[in-house]
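J.: Each protein sequence line maps, in turn, to chains A and B. Counting in our numbering, the final residue of the first sequence is number 202, and the numbers go up one at a time with none missing. Counting in our numbering, the final residue of the second sequence is number 202, and the numbers go up one at a time with none missing.
Among these hints, one or two may not hold up.
All copies of an identical chain are treated as equivalent in the list; a pair is satisfied when it fits inside any one copy or across any two copies.
Below, in silico cross-link-like pairs of lysine to aspartate or glutamate (EDC-like), each with a Cα-Cα straight-line distance of 20 Å or less [to be verified]:
| id | residue 1 | residue 2 |
| --- | --- | --- |
| 1 | K7 | E33 |
| 2 | K7 | D35 |
| 3 | K138 | E33 |
| 4 | K138 | E189 |
| 5 | K7 | E38 |
| 6 | K138 | E38 |
| 7 | K171 | E11 |
| 8 | K7 | D36 |
| 9 | K7 | D37 |
| 10 | K138 | D102 |
| 11 | K171 | E6 |
| 12 | K7 | E95 |
| 13 | K7 | D157 |
Just so you know, the hints here were simulated from the structure itself, not pulled from any lab data.
2 protein chains.
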Amino acid sequence: MTLEKTEHEAALYGPFTQVVRELVDATIRTEVDDDEARAVQAELEGLVARLRSRQLEGAYAASHGAAARGRPWGNAVVGLRNPLAPPLAVVRESGRVWADFHLGAAYEGPPGLVHGGVSSLILDQMVGEATGASGKPGMTASLTLTYRRPTRLGDLRAEAWVERDEGIKTWARGHILDAEGVTVEAEGLLIVPRWLRQQG
Amino acid sequence: MTLEKTEHEAALYGPFTQVVRELVDATIRTEVDDDEARAVQAELEGLVARLRSRQLEGAYAASHGAAARGRPWGNAVVGLRNPLAPPLAVVRESGRVWADFHLGAAYEGPPGLVHGGVSSLILDQMVGEATGASGKPGMTASLTLTYRRPTRLGDLRAEAWVERDEGIKTWARGHILDAEGVTVEAEGLLIVPRWLRQQG
Numbered sequence: 003m004t005l006e007k008t009e010h011e012a013a014l015y016g017p018f019t020q021v022v023r024e025l026v027d028a029t030i031r032t033e034v035d036d037d038e039a040r041a042v043q044a045e046l047e048g049l050v051a052r053l054r055s056r057q058l059e060g061a062y063a064a065s066h067g068a069a070a071r072g073r074p075w076g077n078a079v080v081g082l083r084n085p086l087a088p089p090l091a092v093v094r095e096s097g098r099v100w101a102d103f104h105l106g107a108a109y110e111g112p113p114g115l116v117h118g119g120v121s122s123l124i125l126d127q128m129v130g131e132a133t134g135a136s137g138k139p140g141m142t143a144s145l146t147l148t149y150r151r152p153t154r155l156g157d158l159r160a161e162a163w164v165e166r167d168e169g170i171k172t173w174a175r176g177h178i179l180d181a182e183g184v185t186v187e188a189e190g191l192l193i194v195p196r197w198l199r200q201q202g
Numbered sequence: 003m004t005l006e007k008t009e010h011e012a013a014l015y016g017p018f019t020q021v022v023r024e025l026v027d028a029t030i031r032t033e034v035d036d037d038e039a040r041a042v043q044a045e046l047e048g049l050v051a052r053l054r055s056r057q058l059e060g061a062y063a064a065s066h067g068a069a070a071r072g073r074p075w076g077n078a079v080v081g082l083r084n085p086l087a088p089p090l091a092v093v094r095e096s097g098r099v100w101a102d103f104h105l106g107a108a109y110e111g112p113p114g115l116v117h118g119g120v121s122s123l124i125l126d127q128m129v130g131e132a133t134g135a136s137g138k139p140g141m142t143a144s145l146t147l148t149y150r151r152p153t154r155l156g157d158l159r160a161e162a163w164v165e166r167d168e169g170i171k172t173w174a175r176g177h178i179l180d181a182e183g184v185t186v187e188a189e190g191l192l193i194v195p196r197w198l199r200q201q202g
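Construct all of the structure, not just a fragment, from the sequences and the given hints.
T.: Right, dumping it as structure tokens:
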């Protein structure tokens with residue numbers, strides 16, 4: 003896929019997916035009456051059918067294969083076309099990666115708090131990003147999360163960096179921060195996947 | 003909220019949210035042409051506005067407070083009204099909890115595989131469910147994931163159980179299985195939150 007085509011699709015599907023994220027949030031929070039909810043549902047069913055009239059057979063990366071390298075649009079954390087992804091826009095800087103993001107109603111666990119598993123979802127991605135940024139892409143072999151204090155829904159930051167590496171293994175750390183500091187810490191061991199080793 | 007009202011809302015919003023899950027999947031996979039994508043987006047914007055004409059001020063559990071106990075509909079893993087949740091229908095049986103579920107395009111990490119962070123999201127919920135089922139609801143203090151082998155998108159099962167407990171601490175374990183066996187293991191330490199201790 004050419005850079006031009008990628009930019010064109012990003013301009014089309016970035017805003018499209020953002021509207022679907024709004025819909026996800028509204029689905030959780032709406033208090034319209036029953037008739038209105040049923041009417042909206044019927045219209046949504048029609049829109050789903052229109053979108054599905056021509057679609058990939060499977061998931062995004064699985065369907066696009068190597069053509070999707072550098073375009074992880076289906077990814078559950080950073081995917082431009084995945085409404086489940088906040089999405090994180092990960093910045094590489096000075097040997098670490100970071101992202102500022104907002105988590106709303108869709109990411110709730112305990113009342114008003116980020117689901118602990120959502121923090122681990124984000125940190126899994128971030129230690130992977132840090133490892134990739136260091137030049138050794140890896141898949142998570144193990145990840146340990148330590149929850150220092152509750153993380154409130156709202157504006158947050160995630161950071162990650164590589165601690166050390168040895169052969170196909172990389173150890174990376176990361177954390178999530180709110181305005182007062184670190185709420186969750188992660189330590190991961192990532193291993194270069196076999197298919198990448200064979201290429202290398 | 004009465005049981006009758008809860009059942010009424012479940013019958014309304016269960017199917018509604020399922021259609022939004024379909025839309026999330028279709029957003030990732032659609033290949034309709036640009037004009038059609040823009041037309042669908044415009045209609046979606048209208049539907050979001052209709053749903054938002056009357057809505058909760060904040061997230062689901064935060065807005066409903068104690069009234070939402072036993073009705074975790076906003077939860078990112080089990081929430082009936084949360085399109086991000088697969089959702090897991092967790093069964094309590096013989097001292098453990100389990101759930102069968104399907105993960106499609108929205109949960110992808112590497113091509114065709116479940117995002118490692120999605121596995122951790124699910125297992126965080128499951129060790130919490132196991133701890134709750136044992137009579138000591140807890141929030142995760144730490145969680146360690148061990149990835150035995152890749153988890154393919156598709157039909158999966160998650161199980162969790164309590165290993166031991168001591169005062170406010172409970173240690174629980176869990177795993178995700180495909181047709182061939184365990185793919186990811188988790189071990190968690192959960193602690194009864196302060197607000198529940200004060201009630202107890």
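J.: Could you check the structure against the hints above and give me the numbers of any it violates, in ascending order?
T.: Going through the list in order, the structure violates hints 3, 6, 7, 10, 11, 12, 13 and respects the others.
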